[in-house]
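Asker: Residue numbers (my numbering), protein chains in the order written: chain A, 1 to 142; chain B, 143 to 284; chain C, 285 to 426; chain D, 427 to 568.
Calculated from the structure, these hints are not laboratory results.
Where is the CB? At the ideal position from N, CA and C, for every residue including glycine.
Relax, there's no trap hidden among the hints.
Counterexamples of contact, computed for chain D against chain A with all Cβ distances above 12 angstroms:
1) Val431
2) Asp525
3) Arg553
Taking lysine-lysine pairs in the DSBU-like style, the calculated list, with each CA pair at most 35 angstroms apart, reads:
4) C:Lys334 <-> B:Lys192
5) B:Lys225 <-> B:Lys192
6) D:Lys476 <-> D:Lys509
7) B:Lys225 <-> A:Lys83
8) A:Lys50 <-> D:Lys476
9) C:Lys367 <-> C:Lys334
10) D:Lys509 <-> C:Lys367
11) A:Lys50 <-> A:Lys83
4 protein chains.
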Amino acid sequence: MDRFVAERLLRFSDCDPSGIAYFPAYLNLLNGVVEDFWQSLGFSLPELIKGRGIGTPTVQLDCQFERPALFGERLTFLLRVVKLGRTSLHIAHEITGTDGVKWSARQVLVATSLTEHRPIPWPDDVRGSLYQHFPALSAGPN
Amino acid sequence: MDRFVAERLLRFSDCDPSGIAYFPAYLNLLNGVVEDFWQSLGFSLPELIKGRGIGTPTVQLDCQFERPALFGERLTFLLRVVKLGRTSLHIAHEITGTDGVKWSARQVLVATSLTEHRPIPWPDDVRGSLYQHFPALSAGPN
Amino acid sequence: MDRFVAERLLRFSDCDPSGIAYFPAYLNLLNGVVEDFWQSLGFSLPELIKGRGIGTPTVQLDCQFERPALFGERLTFLLRVVKLGRTSLHIAHEITGTDGVKWSARQVLVATSLTEHRPIPWPDDVRGSLYQHFPALSAGPN
Amino acid sequence: MDRFVAERLLRFSDCDPSGIAYFPAYLNLLNGVVEDFWQSLGFSLPELIKGRGIGTPTVQLDCQFERPALFGERLTFLLRVVKLGRTSLHIAHEITGTDGVKWSARQVLVATSLTEHRPIPWPDDVRGSLYQHFPALSAGPN
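Hey, can you work out the whole structure from these sequences and the hints?
Answerer: Shown next as C-alpha cells:
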C-alpha cells in the first residue's frame with residue numbers, strides 16, 4: 001500500500017440548511033478516516049492515547065473545497081502519507097465523489113505527550129510501521 | 143470597526159478524550175463567529191440563505207494550531223476582513239486564550255446561488271456594508 | 285427480518301473529556317442508524333426529503349443510559365419497529381457492547397410535509413414496505 | 427431563584443437539510459445550558475471533572491418535541507431542578523420560541539466517580555448550593 005482509502009456516506013447530520021456538506025462535519029469525517037488509517041497501521045488511537053499517553057493533534061490543516069457535496073452522496077477519502085518528521089506526520093487527503101474531486105487537504109500531525117502537551121519523537125514501532133506501509137516515504141528533520 | 147471580536151467558552155462538547163479542543167469543534171465555533179459577523183454587518187445568514195437564496199460556502203481554509211486549549215478556557219475570536227473580491231471574501235482569524243495565540247486561520251468564502259451552486263457577485267448592499275465597516279479593505283478581482 | 289442491526293465504532297469524536305461517550309453524540313449515531321434502516325427498506329432519506337418533500341422528525345425520545353461506553357468500543361445497534369400509526373412510527377432501540385446493554389431508547393417519528401411542517405399519512409409504498417419487513421407489526425390509530 | 431434561564435440562537439450548525447433543528451444538536455445545546463447551570467451554582471464542570479474527578483453523566487432523558495424550530499430562531503431554555511437524590515439530580519427543561527413551547531425534557535443526572543465509573547453521593551457543598559438556590563427542592567432516596 002502507498003495509500004489508505006475509505007468510503008463514507010454523506011449523512012443527514014453532515015449537511016446544513018443550504019442542503020450541502022457543512023465543512024466542520026467534513027473535518028469530523030476526515031478525523032474518523034485518520035482514525036481508521038492508524039488502525040490499518042496496527043495502532044489504534046484508543047491504545048495510543050489511553051495506553052501510551054500519546055496524542056496526535058493536528059498542527060496545520062489547509063483545505064480547498066472545490067465542489068459541493070449533497071446529502072446522500074458517497075465519498076471516497078484517499079489518504080497519502082507524504083513526509084515523516086521526527087515528531088510530525090504530513091498527510092495529503094483527496095476526497096472525491098462521482099463528479100470528481102470535492103475537496104482536498106494537507107494535514108500535519110504531531111506526536112505529543114498527553115501529560116506535558118509537548119511534541120515527542122514518534123515511537124520506533126510507529127515509525128517502522130509507517131515506513132513499511134509507505135516505502136516511498138521521505139523523511140524530514142522535524 | 144476594522145475587526146469583529148467574539149468571545150467563546152470552550153465547552154465540554156468541544157473537547158475530546160485527550161482533554162483538549164477537538165479541531166472540528168473549533169471550526170464549528172469559527173463558523174458561528176462568522177455567523178455573528180454577518181449579523182453585525184446587518185445581514186443575517188437565515189435571511190441571506192432563506193430570503194435571498196444566497197449561500198456563503200467556504201472554498202479555502204488554512205489553519206495553524208499553535209497551543210492546545212483546555213476544557214473551560216475562554217477564547218477570544220478576532221476576525222479581520224482582508225480582501226473583497228467580486229464573488230469572494232477573504233478573512234483572517236486569530237483565536238487567543240490567556241497564554242497567547244491558540245490558533246489562526248485564513249478563510250475564503252464565496253457568494254453562491256443556492257439554486258445553481260455557482261459563484262455570484264456579492265449583492266451591492268452586502269458590498270456596501272463591508273466597505274463601510276472595513277474602510278481599509280482592499281478590493282481584488284475575484 | 286423483524287429487526288435491523290448496525291455496528292458502530294465509538295470514535296474519538298463521539299467521546300468527551302471524561303473519556304466516555306457524549307450522549308448527544310450517541311443520538312447522532314442513532315440518527316445515522318435510522319438513516320440506514322430507511323435505506324434497508326428501500327427508501328433513502330435523501331430521496332424522501334429532497335425527492336418527495338417528506339421529513340421524518342422525531343417527536344418523542346426516551347433514553348435510558350445504563351453503562352458508560354469508552355472510546356474505541358464497538359457497539360451493536362438493534363432497532364425494532366414496534367408500532368405503525370397513520371402518521372407515526374414507533375421504534376425501540378437497544379445498544380449493546382461486550383459487557384451488555386449500554387443504553388436503550390424509544391423513539392417516535394412522524395411523517396411530515398416539509399412545506400407545511402405538518403404530519404401527513406405515511407405513503408402507501410412506505411407503509412407496505414414496513415409491513416413486509418416487519419410482519420408482526422401492530423397498527424395504531426395515529 | 428427557583429429556575430435557571432438561558433438564551434440560545436439556533437445556528438446554521440444546529441439545523442439540518444430539511445431546514446429545522448437537528449435533534450442531536452438540540453441536546454448538544456441542552457448540555458451547554460446544564461454546563462452554565464452548574465457554573466451559576468458556583469461549580470464549574472471543568473473544576474468538578476478535572477479538579478475533583480466527578481462526572482455528571484445523564485442516565486435518563488425523556489424528550490417531547492412539539493414544534494419545529496427554524497434556523498435563526500431565538501430559543502429560551504428554562505431549567506428547573508425537581509428532585510435531588512443521594513446520587514441523582516432530576517431536571518425539567520422547557521424550551522420555548524416566539525410561537526410557544528418547542529420541546530421539553532426530563533433529565534436525570536448521576537454524580538459519578540470518573541476513576542471507577544460508579545455513582546457517588548453528591549458532595550456536601552454541591553448539595554448545599556442546590557438547596558440554597560432551589561429552596562422548594564424535594565429530596566428523594568437515590
